[in-house]
Amino acid sequence: MLTGMVLGLLIAATITMFGMYRGTITDALSLPSTSGADIWVVQENTLGPYAEASSLYADECRGLAGFPGVAEVSNLINFSRQVQRGDDDVRVTIVGYEDGKMGQPINIIAGRTIIKSKYEAVADIRSGFKVGDKIQIKGDDYTIVGLTELMVSSAGDPALFIRLKDAQEVQFKKDNTSIYSDRNRNNATDNNEISKYKTNAILVKVAPGWDVNQVAANIKQWKHFEAYTYPEMENLLLSKIIDKAAKQLAIFLVILQTVSAAIVALLIYTMTMGKLKEIAVLKLIGASNHLITMMILQEAWGIGVIGYMIGLVVSILWVPIFPRHVAYSTDIRVLSFVLTMGICSLASIISIRAAMKVEPAAAIGG
Amino acid sequence: MKSAIIMEGIKKRYGKGATAVDALQGVDMAVYSGEVIGLIGASGSGKTTLLQCIGAIIDPTAGRIELGGEVIFDNRWLIKDVRKLRRDKIGFMFQAPYLIPFLTNIENVALPMLLAGQPYEQARLRAMELLTTLDIAGKAEFKAYQLSGGQAQRVSIARALANNPPVILADEPTAPLDGHRSLAVISLLNELAQQYGTAIIVVTHDEVVIPTFKRIYRIRDGLVNEEKGEGRSICN
Numbered sequence: 001m002l003t004g005m006v007l008g009l010l011i012a013a014t015i016t017m018f019g020m021y022r023g024t025i026t027d028a029l030s031l032p033s034t035s036g037a038d039i040w041v042v043q044e045n046t047l048g049p050y051a052e053a054s055s056l057y058a059d060e061c062r063g064l065a066g067f068p069g070v071a072e073v074s075n076l077i078n079f080s081r082q083v084q085r086g087d088d089d090v091r092v093t094i095v096g097y098e099d100g101k102m103g104q105p106i107n108i109i110a111g112r113t114i115i116k117s118k119y120e121a122v123a124d125i126r127s128g129f130k131v132g133d134k135i136q137i138k139g140d141d142y143t144i145v146g147l148t149e150l151m152v153s154s155a156g157d158p159a160l161f162i163r164l165k166d167a168q169e170v171q172f173k174k175d176n177t178s179i180y181s182d183r184n185r186n187n188a189t190d191n192n193e194i195s196k197y198k199t200n201a202i203l204v205k206v207a208p209g210w211d212v213n214q215v216a217a218n219i220k221q222w223k224h225f226e227a228y229t230y231p232e233m234e235n236l237l238l239s240k241i242i243d244k245a246a247k248q249l250a251i252f253l254v255i256l257q258t259v260s261a262a263i264v265a266l267l268i269y270t271m272t273m274g275k276l277k278e279i280a281v282l283k284l285i286g287a288s289n290h291l292i293t294m295m296i297l298q299e300a301w302g303i304g305v306i307g308y309m310i311g312l313v314v315s316i317l318w319v320p321i322f323p324r325h326v327a328y329s330t331d332i333r334v335l336s337f338v339l340t341m342g343i344c345s346l347a348s349i350i351s352i353r354a355a356m357k358v359e360p361a362a363a364i365g366g
Numbered sequence: 367m368k369s370a371i372i373m374e375g376i377k378k379r380y381g382k383g384a385t386a387v388d389a390l391q392g393v394d395m396a397v398y399s400g401e402v403i404g405l406i407g408a409s410g411s412g413k414t415t416l417l418q419c420i421g422a423i424i425d426p427t428a429g430r431i432e433l434g435g436e437v438i439f440d441n442r443w444l445i446k447d448v449r450k451l452r453r454d455k456i457g458f459m460f461q462a463p464y465l466i467p468f469l470t471n472i473e474n475v476a477l478p479m480l481l482a483g484q485p486y487e488q489a490r491l492r493a494m495e496l497l498t499t500l501d502i503a504g505k506a507e508f509k510a511y512q513l514s515g516g517q518a519q520r521v522s523i524a525r526a527l528a529n530n531p532p533v534i535l536a537d538e539p540t541a542p543l544d545g546h547r548s549l550a551v552i553s554l555l556n557e558l559a560q561q562y563g564t565a566i567i568v569v570t571h572d573e574v575v576i577p578t579f580k581r582i583y584r585i586r587d588g589l590v591n592e593e594k595g596e597g598r599s600i601c602n
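These protein sequence lines map, in sequence, to chains X and A.
The numbering used here numbers the first residue of the first sequence as 1 and each following residue consecutively.
The numbering used here numbers the first residue of the second sequence as 367 and each following residue consecutively.
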């Protein structure tokens, strides 16, 4: 039982690590995959709204709307910022979207979506905000009217959805101190008006029957934009943004599995070494090598099942305290179980080899 | 009396050339059905080697063995499956019971019968019958590790009798027991030998039990001498 508990804690760590690895990937893709866009049009030579700063004029939208193969367009603002709630500040990814168009919050689990034209927000539940909370962004008060689930950035920051115009002001509008400072430096242009013309990306929905790749290629040729299709955006996020974090988790996962295998092998080997006389007796009374092999394997599988059950319960208990999303799906549980049993089987090989070498003669004599 | 096992000229040589050791140098002995004999000798005299030869665990270098009227070895094994021979024709008892700890006592006793291919229910019935004979039926469903030393040894006797073998080889079965319990085990083996017609060869150093044997084979330097034992009766 103690053996099972030790293994259980290792398995709990493994399952959680699996969940963290999967969570990192699903987090990175949560905003693009729920935006409803087929193509992201961003500033030339940038990696788009989720990976790099991108700035383009919002009225490019109109030109793109009339482009062949384009069914729908929508401006999108996406950037990270600290927001104030009382004395606390929380890092969020602000997503500014146009009402009724692509990029709006989905997975609303409490409250409602934004209906007023200004100063309402929908936050992801991981922000810790509640419906009715007042938060402050760049000096303006916003009311949280709804909560979403699993809407986070690639860095794991919870999304905070606000209207596009609000987001444009937060990102581009200069405060009085900046304007005063610019004027003193003879940069007299009042750029506040420009705030309403800027956006980070234009989301494009391709009309049915049109080839997404072809439409994206045409947009790139038409103006000096970057146009990423969903597979390109997915590849960009996974291979450039979360690549190192995911690899780090994957390597640690492999190390954890190797350590688990070594510990299980040692446990089973020690248990087998303690039963060499019994194994010799079994051989003496006619037990076949196959039977002895199966007995050792069953013992290993028994330890594996007990360890897995303990690991499952422990991981269920401690997953909620993790600050980032731990994707704890059924397939991860099944995969962990299969891996555990596989490791236990592999770990038995040394013990089985030792048992096969035991001679029946060892049962007789001192 | 019907002979259970007859051995003629059994030799066993370990190694080759200058380092060869003749552990047995031509052993002749006969044991009859229903008797318990003692096999005694100093350490290194060849007791264990002889037991292993009788038990078809190692191959004698030369000689002839007849088991239950069938010649099984004549300078070579005359039977194909030595493991089957051990399983069906020879029962074993050891210095410690060596029961399988995660099996119940009835399962431990049924195991040799199951390995011999007997149906499960039939094996359990026979196992329970043996445990009843050995007065330990009340512990049938206990795990082996839940028994005292004496109880576990009785379960191991039941296991040795499971396939009703003509010969039981007992390797110092009283070694872990005190004098009173040692005599009780020997008394039990005598009763069982007569009840089941089994020949029991007991290898022992135990000065308490040696006087109880009617016949003794003393082994010295790989040769045996038959001696008449005291055959002292055991008061329970």
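Worth flagging that the hints you see were computed from the coordinates, not collected in a lab.
There may be inaccurate statements among the hints.
On the chain A side, residues computed to face chain X include the following (Cβ under 7 Å) [to be verified]: (1) T414; (2) L417; (3) I423; (4) G434; (5) R453; (6) K509; (7) D537.
No farther apart than 25 Å at their CA atoms in a straight line, the calculated lysine-lysine pairs in the PhoX-like style are these [claimed, not checked]: (8) X:K277 <-> X:K244; (9) X:K277 <-> A:K509; (10) X:K277 <-> X:K240; (11) X:K357 <-> A:K446; (12) X:K277 <-> A:K450; (13) X:K277 <-> X:K101; (14) X:K277 <-> A:K368; (15) X:K220 <-> X:K116.
Because the structure is a prediction, the values reported are computed rather than measured.
Ideal Cβ placement from N, Cα and C applies to all residues, glycine included.
Status of the hint placing A:I423 at chain X (closest C-beta pair under 7 Å): 5 Å, holds
Interface restraint verdict for A:G434 against chain X (beta-carbon cut-off 7 Å): With a closest approach of 17 Å, the A:G434 hint is violated.
Proposed proximity, A:K509 with X:K277 (alpha carbon, max 25 Å): Holds - the C-alpha atoms of A:K509 and X:K277 are around 18 Å apart, at most 25 Å.
Straight-line alpha-carbon gap X:K277 to X:K101, limit 25 Å: This hinted pair is violated, its Cα atoms lying about 75 Å apart.
Chain X contact restraint for A:L417 - C-beta distance below 7 Å: At 6 Å from the nearest chain X Cβ, A:L417 passes the 7 Å test, so the hint holds.
25 Å limit on alpha-carbon distance, applied to hinted pair X:K277 and X:K240: Measuring from Cα to Cα gives roughly 58 Å; hence the hint is violated.
Interface hint for A:D537, Cβ within 7 Å of any Cβ on chain X: 5 Å, holds
Given hint A:K450 paired with X:K277 - CA-CA distance at most 25 Å: Measuring from Cα to Cα gives roughly 20 Å; hence the hint holds.
Given pair status - A:K446, X:K357, alpha carbons within 25 Å: Holds: X:K357 and A:K446 sit about 22 Å apart, inside 25 Å.
Restraint check for X:K277 with A:K368, where alpha carbons must lie at most 25 Å apart: 34 Å, violated
25 Å Cα cutoff - pair X:K277, X:K244: Judged against 25 Å, a Cα distance of about 51 Å means the pair is violated.
Restraint satisfaction for A:K509 [CB to CB of chain X, less than 7 Å]: 13 Å, violated
Hints 4, 6, 8, 10, 13, 14 and 15 from the earlier list are contradicted by this structure; the remaining hints agree with it.
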